[in-house]
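A.B. asks: As a plain string of letters, each chain reads:
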Amino acid sequence: MAIFVVKTQVGQEENVANLFEKASKRTGKIYAILAPKELRGYIFVEGENKETVKRIIRHMRYARDMLDKEVEIEEIEHFLFPPSAVANIEEGMIVELVSGPFKGEKAKVTRIDDAKEEITVELLDAMVPIPITVRGEQVRVLKKKEG
Amino acid sequence: MKACRKCHILTNRSTCPYCGESTSDNWQGYLIVIDPNNSKIAEKAGLKMPGKYALKVR
Chain A
8 MAIFVVKTQV
18 GQEENVANLF
28 EKASKRTGKI
38 YAILAPKELR
48 GYIFVEGENK
58 ETVKRIIRHM
68 RYARDMLDKE
78 VEIEEIEHFL
88 FPPSAVANIE
98 EGMIVELVSG
108 PFKGEKAKVT
118 RIDDAKEEIT
128 VELLDAMVPI
138 PITVRGEQVR
148 VLKKKEG
Chain B
18 MKACRKCHIL
28 TNRSTCPYCG
38 ESTSDNWQGY
48 LIVIDPNNSK
58 IAEKAGLKMP
68 GKYALKVR
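Just so you know, the protein sequences line up as chains A and B, in that order.
For the first sequence, position 3 (counting from the first letter as 1) is numbered 10 according to our numbering, and the numbering increases by one without interruption.
For the second sequence, position 20 (counting from the first letter as 1) is numbered 37 according to our numbering, and the numbering increases by one without interruption.
Only chain B is shown next, with the shape it has when bound in the complex (with noise of 0.2 Å):
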């Protein structure tokens, strides 16, 4: 999988689906964001949406 360089989704695609910014296979850290309305962690890394997150990307 290939992260969001910007908003740090995983994705297979070389281009980000959400905000269209370029993806990058040099990424570190996995979250998976479940129910961001009842998640503290989400809440804390600032994520509203649903998903698979790289915490880190180059």
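Chain A with its partners taken away, still in its complex shape (with noise of 0.2 Å):
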């Protein structure tokens, strides 16, 4: 058994892993699939060898072609466990919202919600400070600690 790396259209990457499952009840030999969120217009194939995938794929909507190289598992485990979005925030950091109504404001973190992956800051050039809370992916930390 091997991994292998599937082009498909960008965006189509849910369906693809759809029809290699649904592949797999017709042929077997494919045991898992992964499409992680970070990769975009790839995902990985476990199955028994590159024949098999080779040969799902060429009738296959969405699927454009497979690299020829087999990747190890310890080349795509870290895509199994993603990292949470607020693991390198801390609070009195200050940080940029990069998206949402107040992009390109700075801010200071003033809570974390690890369980939802959620920061509450405080826009630094508001005349009141208001807490607004936003989502991890939402920030870039621009410095550590304040003063």
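No wet-lab data here; the hints were simulated from the structure.
Fair warning: this is a prediction, and the values are worked out from it, not measured in the lab.
We treat Cβ as the ideally placed atom computed from N, Cα and C, and that holds for glycine.
You may find that some hints are simply not true.
To be verified - Computed, partial: chain A to chain B, Cβ under 8 Å:
| no. | residue |
| --- | --- |
| 1 | S31 |
| 2 | P43 |
| 3 | D72 |
| 4 | L74 |
| 5 | V78 |
| 6 | L87 |
Unchecked claim - Over 10 Å on every C-beta distance to chain B, these chain A residues come out as not near it, computed from the model:
| no. | residue |
| --- | --- |
| 7 | R47 |
| 8 | M73 |
| 9 | N95 |
| 10 | I101 |
| 11 | G111 |
| 12 | I119 |
Build the complex from these two chains, which are given one at a time in their own frames, with help from the hints.
C.D. replies: Below you can see the structure in the form of structure tokens.
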């Protein structure tokens, strides 16, 4: 058994994974399919051998091609355990909001919710400090700690 | 589909049919385990049951 990289149409990664699952019922020899969120246009297919995977994608919609080289489980295991979006954020840090209505604004982190992966910030330029709660992905750390 | 907050399996129900935990619409990453006995990916992820899983659930 080996893990192969299959190229897909961007945005169709989950569809291709589902099509592989369907094909596996017919052909067997496919053991798992991994479509990490971070990887656009590629999925990992674990199967018996290269020929099996190649044969399946030949007639598959949204699948483009596959890479010749196999990948080792160690190379992709980090995709199985995505880090928390607030892992590198601490209270007191200065961050920049990178999306949403306050995009471009600088803010100070006042609270972190690990379970929801959300942070509460106060905008630095606001006349009155109003707490705003945003998702961890919506900020970029500018300064470790104020002062 | 929704993902179980505990075991990460994907389901259409509001509670997980396997562990009874609540499910969430907010999930990312997609893993289909077909044959856990032969899969290195399933072994690494600690999954012993075939099914569709989310990699991250909030």
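A.B. asks: All the hints need checking, so say for each whether the structure fits it.
C.D. replies: Here is what the structure says about each hint:
no. : hint : in the structure
1   : S31  : holds, 5 Å
2   : P43  : holds, 5 Å
3   : D72  : violated, 20 Å
4   : L74  : violated, 17 Å
5   : V78  : violated, 11 Å
6   : L87  : holds, 5 Å
7   : R47  : holds, 12 Å
8   : M73  : holds, 16 Å
9   : N95  : holds, 16 Å
10  : I101 : holds, 25 Å
11  : G111 : holds, 25 Å
12  : I119 : holds, 14 Å
Of the numbered hints stated above, those contradicted by the structure are hints 3, 4 and 5, listed in ascending order.
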